[in-house]
Amino acid sequence: MLFTTDKQTLEDLNIFGKYGSDAVYHIFNRTVTRGGAAVLEEMFQYPLTDEKAINRRSGIIQYFAAAGKDFPFPASYFDAIAPYLANTDERSKLTGDAPNIARKISHLVAMDGDTVMIHKGIKALAALLKGMAQFISLLDIAAGHPYRLDKDAIDALLAAPDFAPVLALAGVAKLSQDQLVAYDTLFRFRHRPAIQRLLTYIYQLDVYLSVAKVGAARGFASPKALPKERQVLNLQGVYHPQVKNAVPNNLHISPESNVLFLTGANMAGKSTFMKSLSIALFLAHMGFPVPARVMEFSALDGIYTTINLPDNLGMGASHFYAEVLRVKKMAYELGQGKNLFIVFDELFRGTNVKDAYEATIAITQAFARKRNSLFVISTHIIEAGEVLREKCSNVRFLYLPTRMNGHHPVYTYTLAEGITDDRHGMVIIHNEGILDMLKAGLHKK
Amino acid sequence: MAFIADKQTLEDLNLLGKFKPQSIYNLFNKVRTTGGERLLESMFQQPLTDPDAINIRSGIFRYFQDNALVFPVSQTVFLRAENFLSQGTGGNKLWVLAMSLRRKITATLLRDGQFAALQDGMAATVELLRSLRAFAAVLDTAGSPYHAQATELKALLANQRLDGVVAASGHLSAWQQARYDFLLRNALRDEIEKILNHLYALDVYMAVSEVAKARNFTYARALPKAQNLVRTTALYHPALEHAVANSIDLDSQSNLLFLTGANMAGKSTFMKSFGIAVYLAHMGFPVAAHHMEFSVRDGLYSSINVPDNLSMGYSHFYAEVLRVKTVAQDVAAGKDLVVIFDELFKGTNVKDAYDATLAVTAAFAAYRHCFFLISTHIIEVGEALKKERIGGQYAYMPTVMEGTIPRYPYRLKEGITNDRHGMMIIGNEQILEMM
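Chain order of the listed sequences is A and B.
Each residue of the first sequence is one higher than the last, beginning at 1 in UniProt numbering.
Each residue of the second sequence is one higher than the last, beginning at 1 in UniProt numbering.
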């Protein structure tokens with residue numbers, strides 16, 4: 001089953017972001033090859049839902065992180081190989097015919113572009129095959145190792161008898177016309193599928209190596225996926241990867257406390273905490289290293305967040321209606337029996353206080369009945385919290401505290417148990433001196 | 001002192017903007033001349049703050065509307081004449097004659113178009129002056145606010161030195177051509193410019209009064225500041241078709257209208273209609289209302305479409321706070337303002353918005369010489385304000401439920417809405433059943 005998420009979630013978490021932005025994808029996008037970048041993007045687009053697949057990929061990345069190897073090939077190889085393999089025109093195939101005078105003379109002046117490209121491609125591919133055979137033979141991989149399957153497949157591809165003369169070459173700088181002709185047929189026509197498959201493995205290797213490096217450099221932890229039935233999430237020291245000096249938090253979620261009711265002032269870090277949690281879960285489902293000290297989790301079927309919901313006033317839909325439709329979508333997915341991770345920031349802020357209060361209670365209560373999913377809901381309507389405390393046993397109350405330093409709020413960004421009624425809207429208005437200004441103006445008159 | 005209306009306000013109300021199809025400026029931009037367009041633009045940019053000046057201007061508009069005068073010359077003749085007059089000519093008669101002769105010779109020898117263009121411009125100018133004199137002769141402005149300007153225009157046109165030009169007919173000799181050229185473009189240069197400016201003004205007066213007539217707009221009466229009131233009946237949005245009209249009546253006893261209602265019920269449109277009417281009234285322009293009278297104010301502030309950048313979350317709230325602060329500074333400085341706040345503090349949570357709206361509204365309302373129009377979806381604020389007895393008015397845009405489908409009559413009702421459709425919408429979407 002596919003891991004489900006949607007555009008709103010990807011934008012909330014800034015997974016892909018716009019070009020050059022601080023997106024999560026850009027943290028990991030350190031691949032050498034363009035093919036590697038494409039594989040990486042695919043991994044981001046399709047996180048895994050199977051705990052074994054997650055642990056396998058996470059194991060491979062851990063292995064390469066420990067091995068500390070560099071990607072063994074320069075990017076220039078692939079720049080030559082890509083256009084070469086893309087040219088599948090039979091007429092461009094090199095031939096062994098005795099060269100006629102005209103061609104000899106023209107080659108003497110300058111070879112035509114196509115031929116130059118083909119020669120380059122053949123040489124780069126030959127060097128790649130040789131290099132890969134050497135790299136793979138140096139890996140010390142026992143049976144049962146997560147990378148073992150890949151290694152065996154690569155070995156099998158390279159073991160094809162037709163490739164033996166290529167692997168036996170001393171160097172690729174000088175190849176005779178006969179050799180070039182033979183290898184061209186081999187690479188581009190006879191063994192094309194095998195070459196393509198080998199390239200895919202190499203691109204994946206590129207991703208594993210670059211992700212391992214990023215993970216090691218940033219001190220990310222390898223997540224451990226647990227069976228679905230356990231329904232737990234254990235996170236220690238989770239933080240937001242794109243926030244400088246981010247404060248880590250610990251969190252343990254079990255079916256007995258699978259609804260988090262989060263309160264806190266506007267700047268206290270609610271959204272950031274929710275984003276850190278969601279990003280960690282998203283990366284974990286890809287088997288990638290996560291910004292945390294320790295992470296264990298039961299694999300889920302999807303993530304939905306609602307943090308920066310835009311209201312579509314142009315279409316005449318109010319903010320409240322946009323929120324309702326969003327909740328409806330979640331409800332539908334939950335009704336399908338999926339195990340989801342659902343985040344709502346400032347639920348129902350687009351309506352009046354009473355509606356927001358009633359709707360928050362009704363929706364949270366309905367969520368709380370779904371024990372196999374995880375929910376994080378933030379709100380300022382603390383009265384709803386009191387009601388929920390009585391009605392639902394599996395709602396857990398957390399808040400992000402604020403200390404007042406005179407008139408200036410200081411934030412600890414560390415989760416605490418309970419409900420807070422901290423709010424700063426009025427503090428900001430007081431700090432700007434608006435009400436004093438108006439009062440003073442009256443006396444002047 | 002200039003009327004205060006900042007960029008945000010002008011944008012909110014979509015007042016200016018030649019290239020915005022729906023702007024109020026374009027609604028009135030039916031002028032024929034570029035000079036008229038410039039004048040119209042400057043009127044839009046500088047509303048008036050003196051009640052007499054406002055009443056004089058609106059009186060002029062009314063005079064033109066009542067008399068249904070026609071612009072004296074065709075657009076092409078005016079364009080040709082304007083083009084001719086705007087170019088300079090020689091410093092003395094002889095030089096002008098020499099230039100004229102040279103052009104004539106080159107025209108015959110080299111088929112050069114300059115002399116023909118000169119002749120054409122002269123002919124158009126002659127026609128312009130002739131029809132202007134005819135127009136002025138029948139213009140009866142006695143007792144109207146346009147009288148002063150009309151008298152000035154008549155005096156300019158009556159200049160005897162123009163008699164020869166106006167009488168000129170048929171082919172002009174080179175000498176005549178040079179003489180009139182010198183007269184119009186050199187000797188009487190200032191007078192001619194004044195006549196043109198009068199024409200531009202005429203153009204604007206006619207265009208605006210035509211729009212007023214076609215759309216059934218009325219002229220607002222400006223009252224001195226001290227009276228402190230703004231009274232309108234059947235006010236509607238000038239750019240909307242089939243707009244529903246509502247009345248609003250504010251004075252120093254009751255200087256605040258607190259508006260509630262569902263999101264689609266028409267709160268913003270009503271607030272914009274009011275803002276536009278106040279602005280146009282200060283320009284002396286016709287307003288989209290059945291009747292309007294107002295004490296002049298020093299400025300207009302609105303906060304309707306504060307850029308809806310919710311992705312900036314907290315700072316959106318901060319932007320709103322800063323906007324309120326700007327207004328508060330001017331209000332506290334003793335300026336008489338009209339202030340429009342739509343969905344104040346929507347960038348924050350319900351609770352903060354409640355506290356902030358309550359505190360800010362109550363503080364503002366104490367300024368009896370300013371008028372406030374404040375809307376919110378947090379109906380609880382209204383109840384709390386009522387208890388504070390700040391002497392405001394409470395109105396709402398109703399929603400009528402036909403079964404489960406809401407319908408909006410767009411007609412203001414007194415009180416605070418108790419339309420709470422939140423749970424009903426959730427019910428309609430059958431969310432709880434789904435889970």
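Be a bit skeptical, because a hint or two may be false.
Simulated pairs of lysine-lysine, DSSO-like, Cα-Cα distance not exceeding 30 Å [unchecked claim]:
(1) K93/B <-> K213/B
(2) K213/B <-> K18/B
(3) K439/A <-> K225/B
(4) K387/B <-> K439/A
(5) K194/B <-> K354/A
Note that these hints are calculated values from the structure, not bench results.
Taking the hints in turn, this is what the structure says about them:
A threshold of 30 Å between alpha carbons decides the hint, and for K93/B with K213/B the separation of about 48 Å lies outside it, so the pair is violated. This hinted pair checks out: K213/B and K18/B have alpha carbons roughly 22 Å apart, not beyond 30 Å. Distance check on the hinted pair: K439/A and K225/B sit about 23 Å apart at the alpha-carbon level, within 30 Å; holds. At most 30 Å may separate the alpha-carbon atoms for a hinted pair to count; K387/B and K439/A meet this at roughly 20 Å.
Pair hint K194/B plus K354/A does not hold up; C-alpha atoms about 66 Å apart against a cutoff of 30 Å.
Hint check: violations occur at hints 1, 5; the rest are consistent with the structure.
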